[in-house]
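Asks: The residues making up each chain are set out below.
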Amino acid sequence: MNGFSFRRFLALLRKEWIQVRRDPFTLRMIIALPVMQLFLFGYAINANPKHLPTGILTVDHSSYERSLLMALKNTGYYDIRPLASEAEAERGLADGELLFVVEIPPNFDRSVDRGEQPSVLVDADATDPTAIGNAAAALAGLMTALDRDLPPSMRSVPAQVPFQFNLHARYNPEQLTVLNIVPGLICIVLIISTLFVTTLSITRETERGTMENLLAMPVRPIEVMLAKVVPYIVIGYVQVVMIMTIAVAVFGLPVRGSIPLLSVALGLFIASNLALGITFSTLARNQMQAIQMAQFTLLPSFLLSGFMFPFKGMPVWAQWVGELLPTTHALRIVRGMLLKGNGITEIAPDLWPIAAFTLVVGVIATLSYRETLD
Amino acid sequence: MTAAPVIDVRDLHKRYGERKVVDGLTLAVGAGEICGFLGANGSGKTTTIRMLCGLVKPDGGGGTCLGLDIVRDAPLIRRQIGYMTQRFSFYEDLTVGENLDFVAAVYEIDNRAEAVKAIIDRMGLADRTDQLAGQLSGGWKQRLALAACVLHKPKLLLLDEPTAGVDAKARREFWDLIHDMAADGLTVLVSTHYMDEAERCARIVYLSDGKIVVQGTPDEVAKGSGLVTFAATGEGLDLAARSLRAMPGVESAAVFGSALHIAGMNRAALEAATKALDSGLVWREVPPQLEDVFIHMLSQPAP
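Heads up: the sequence lines are chains A and B, in that order.
In this note's numbering, each residue carries its 1-based index in the first sequence increased by 9.
In this note's numbering, each residue carries its 1-based index in the second sequence increased by 526.
Read the hints as simulated data drawn from the structure, not as lab findings.
Some hints here could point you the wrong way.
Heads up, incomplete: computed chain B residues facing chain A, CB under 8 angstroms, no partners named [to be verified]: (1) 615; (2) 632; (3) 679.
Cβ coordinates follow ideal geometry from the N, Cα and C atoms, glycine included.
Next up, chain B with everything else stripped away, as it sits in the complex:
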């Protein structure tokens, strides 16, 4: 990361009434990076994204986005970013083509028709150009929204849970598109609840109660958690999981397909637990998965 960071904000604060939604958040995202924003519902992801594009004024702190002040230069920032809202926010009574044409015109793009056609082709929306946006399925709506967000060739993409309620295939294709654009130098900040998506980010930032709890590459986060994970295969996994959950030192016990994963911070306690359970299961230690780490962090009280 040699160039100046695309997002560089320090000590952001935002409160709604008594509730601190964002509480001293400092974040730097470099050019061309895909940064994943994770955290429980209400942890401040959406509010942070809105502050970055000037839709919400921070109560304290500040910084820059694309080198522009997030409070003072909000209108300038908006021309250079693409913001995809959590809820579908294009016009359902307009067709796909009309929505895109509207966006292109609002951004005063020259050669509007060409730009719209290019994005329609790139996003594979050609068959649906004349369909009303309200009649699209979730996956297509999200594609339309993404197309509209990148139409004006922004330098930064802010995606707020873009794949919520979208099927696995559409999610995969969506992420392929995002990686494709990042390869062209686009910086992406994306919030998500899906672990497979988090693993596709260059860096993840985990939020809890408006604060960053941990950040780094998915590997760093998993290893840095200090979490110990054992896996077992065999018969009677569900029953074993139930018994294990009640034992001291076992923070989580969950069945993934044919394997039972248990995780905890205390290795000795975990080993004791596996021994105490006389189930005939064979245990082996596995590297902690992101999912285990997040479940672990979700169950921790805020620092």
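For reference, chain A alone in the conformation it holds in the complex:
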């Protein structure tokens, strides 16, 4: 009597499946959300922004200056437009119209010719360091910009270097942000859709009054919870297939690892979210509380998992918090498998933490499922 009954489980599963099917709004969200997010994030997020608005303050319009501006433009980072006055420059930086103001000193050509090494002042709006980082770094490469215009004696002398670095950007040679974002997005979409729907599942029964009835029937907690979880595993996989198809077709995402192994890993990740959602659902007294708990998990999953910011760049304590989140590990697995072609040996260190998390949280859910109304 107290054991798991497959018949009862099937009955509950059938009921859940009918309810999922009859809720067209949620169903539409489940389909629309990943597609929308994929296009939004895929196209919008760019960690290496180019064509930044740049104003030029100058009085001379000399020939060296033209060469310098051409060189700036050729980096791809600067879109140049002349400014009339310093006041206009200040205003542009303040209201966000301009990210850079390049100020060419008077008599620039003459100063250069005399070897005075004049300073060109570059004002940058550094409120968002990532926005200007790469553009600012590109300035270092422009020291030779005037070499063609100058007599040989005045050209920049290549320093005698004892050795040099040779950077080899592997896995993503063009360093396209989208190839990093899209695999991460798979995990983020999954956590949003699966965590939220299951978080609401049991509290919804409580709020609609159907829980009292369910409790009065001979169903076991594990049967109720599994039945609530299984439909969303299916839905989770549907989302994964959708995202991957679009990512490969539209964004040229490479799939270098084994798809069956990736499916297993993602299945485990989905299970971890569902277990967490069910736990929240049993702990929360109403849907509002349940949503708040889910949101509380969502933010660290965005920020501390390595989805938005480089994981290794965080302080150690934040990395510890990040390591607790299944999203962090799932993100590494998905990026590793898609971009690097990682196999089971490489992903194992990230696979077991998700499994452990699912197990622990699943036990908490089972224990905290109230079989009485007290």
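Following the hints, put chain B in place on chain A, whose structure we already have.
Replies: Positioned in the frame of chain A, the structure of chain B alone reads:
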């Protein structure tokens, strides 16, 4: 009542915070009996019913339900009882048929389809099998709930205000069904606010502040109350009722159709009141009605 009682609980206690919801309740209900549970809102009816089916753990006391301990054997009790909650608690986004099929499957009933069809026919739900439960009217919802509660052939039916918000015809039909099932040996404990329903119970139990105030057959309860009731017919009843209410010894004065009923515990005071009111009404004593008794008890402070 020769067999062991179906419900046999002693000295049940339950408190929520400071409030004693059920306070030393002892109850025995025999097999095949229809027992009516009455009392004001918040008198502990729902909590008692929930304790009987193991949905709420009693803080003190205990006993048996169908011979099983209400605390220890709650899961076993649940398989043999049908519990109809006060609020409709089936799935509104499932059809009538799907809801019943779900219940049948959860109770692991063999020949599920047959059992569901049989109950649909018995409850007259055949025309509405494919309708979503959420679109049913109150009366049909209650019928669906009853069908779902008796689908697994329980030995005990616990009904928590099953007819609240249901029209008179549907209530009548509902009670006919209950009597029909009781005739087959089903024991029923039903809470209600309706006096006509109380009168259809073999026995009524009146609760106030979590304690049983009085119990017995409707007749016994009415007679045992010691209440004296006079009735009058004639003109100007409403005006007379207003004057009478203010007089000493008159506990209630209410117009029922063409008759004015007054009730009180003190016969002399009541007679004096009728005489003092120079209205030309003709008074005669009538047996106290259950309704008068309950109004009387509702207005008494808790014992």
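Asks: To test your reading of the hints: which numbers does this structure violate?
Replies: 3
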